[in-house]
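Protein chains in written order, with our numbering: chain A, 1 to 292; chain B, 1001 to 1143.
Check each hint, because a few of them may be wrong.
[Stated by the list, open to error] Taking beta-carbon pairs under 10 Å as the criterion, some of the chain B residues facing chain A (in silico):
#1 Y1077
#2 G1080
#3 R1081
#4 D1086
#5 Q1088
#6 Q1105
#7 Q1132
Hints are computed from structural coordinates only; laboratory data are not their basis.
Idealized CB from N, CA, C, for every residue including glycine.
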Amino acid sequence: MIDIHTHPVMVRELVEKDRKLAAAVRDVFGLRFPSGPLELFYRELDEAGVDQAVLLPIDCTHAHGCAIVTNDQIARLVAETHRFIGFCSVDPHLPGAGGELERAVSELRLVGLKLDPALQRFNPSSRAHAFPLYERCLALDIPVMIHCGMSLAPGGASRFARPISLEPALEQFPDLKLIVPHLGWPYVEEALMLSVRYRNVYLDTSVLYAGAPKDTLRHLLLKRLGAHVVEAIAFRLLFGSNYPRVDIRRSVRAVRELEVGETVRENILGRNAARLLGMDDSRPETHAKEAE
Amino acid sequence: MKSIVNRVTRLTRHETELINITEEVHQAVAASGVQSGTAFVLSLHTTTGLTVNEGLPDIEADIAEMLHHLASDEGSYHHGRFLASDGQMAVNATSHLRSALLGFQVFFPVEEGRLVLGGRQNIYLVELDGPQERTFVVQVLGE
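For reference, chain A alone in the conformation it holds in the complex:
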């Protein structure tokens, strides 16, 4: 199992050594509870049955004067264990963004790019700021995750994060592997439309705005969208928790308890992410009729 969406922002070994990071996590990202030792992250993964977690940083230097974990910190965590997969982040406003992306991939061995238009305050279809980064992602053959939908961070502005605003980028770069997290909530239909229309758009399941994860996911995927729609995009649904805003255990159970076929569930929980990240080159198994 792979969790495509975690933020290592409450790892004590990081935040206790870095007071600027601790302040950014509290004031910009909005997490205000005690950090825990790295060992606790591993135990959370163990208890949830998750083998590997993608670690996501956010570089919002221009908008907030900080990074919510730096690329180098991500690289150091990844070096500790095979259980972490590292994405990098660069600030599209900064002139050196492209170079930092190259460095993060070629030197730090990070395998994806995370952007957050809500926190970084940029237009994800800006030809000046965003398109050059997408070109680099294509050249480097890495996926990009672009935050979509509500931002829970106090420094985030959700108006920058509508899925439909990604369409110009997808028209320009149809081969770009793009992950839309949180199912784009509340703009779920826009996110779904992108994944139906553009073959390289993936959606992650880290969505929770009220109630329990299992109720939210069941409502959005099976009632609001429909099992037949889930079936149609099932190869591009990725399990994500948004840990530590939401615990990984309950997020896994939400997928496990979805009334869809077993193959669909297993693809969501790990196989789709493994294929996207180049860790599994097998052809996807068919989901036909499983959800009926």
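Using the hints, position chain B against chain A.
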């Protein structure tokens, strides 16, 4: 009268887990030097419990299952929303309810420097929303 407060912190492993802390409480009492008094054991959390029972794995499993039955994951709860005060989604109503069923403290007399504990009695810190970092307190009051 002396009041000796001893904090013990540990990382738990599982979502629900009964952790036998009897020996740690014995050690805290012995280290306090109190010969006659009371030992209080308290959890500093709202999603753990403290309880006393027989130290058998089957009883431990039954207690865990009873708690899951009484505060079922299938239930509908008021506590399910974004908690702006700490930036997390509050989705652990069952953990709080299971904690309320168990309570957060136990106490025993201290006599001749030793805890007065029944032969089958074990003290458990019960994790109800783990894995987490948890702290319990042993306060020994007496002479």
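So, going through the hints one by one against the coordinates:
| no. | hint | in the structure |
| --- | --- | --- |
| 1 | Y1077 | holds, 8 Å |
| 2 | G1080 | holds, 4 Å |
| 3 | R1081 | holds, 6 Å |
| 4 | D1086 | holds, 4 Å |
| 5 | Q1088 | holds, 5 Å |
| 6 | Q1105 | violated, 22 Å |
| 7 | Q1132 | holds, 7 Å |
The earlier numbered hint that this structure contradicts is number 6, and it is the only one.
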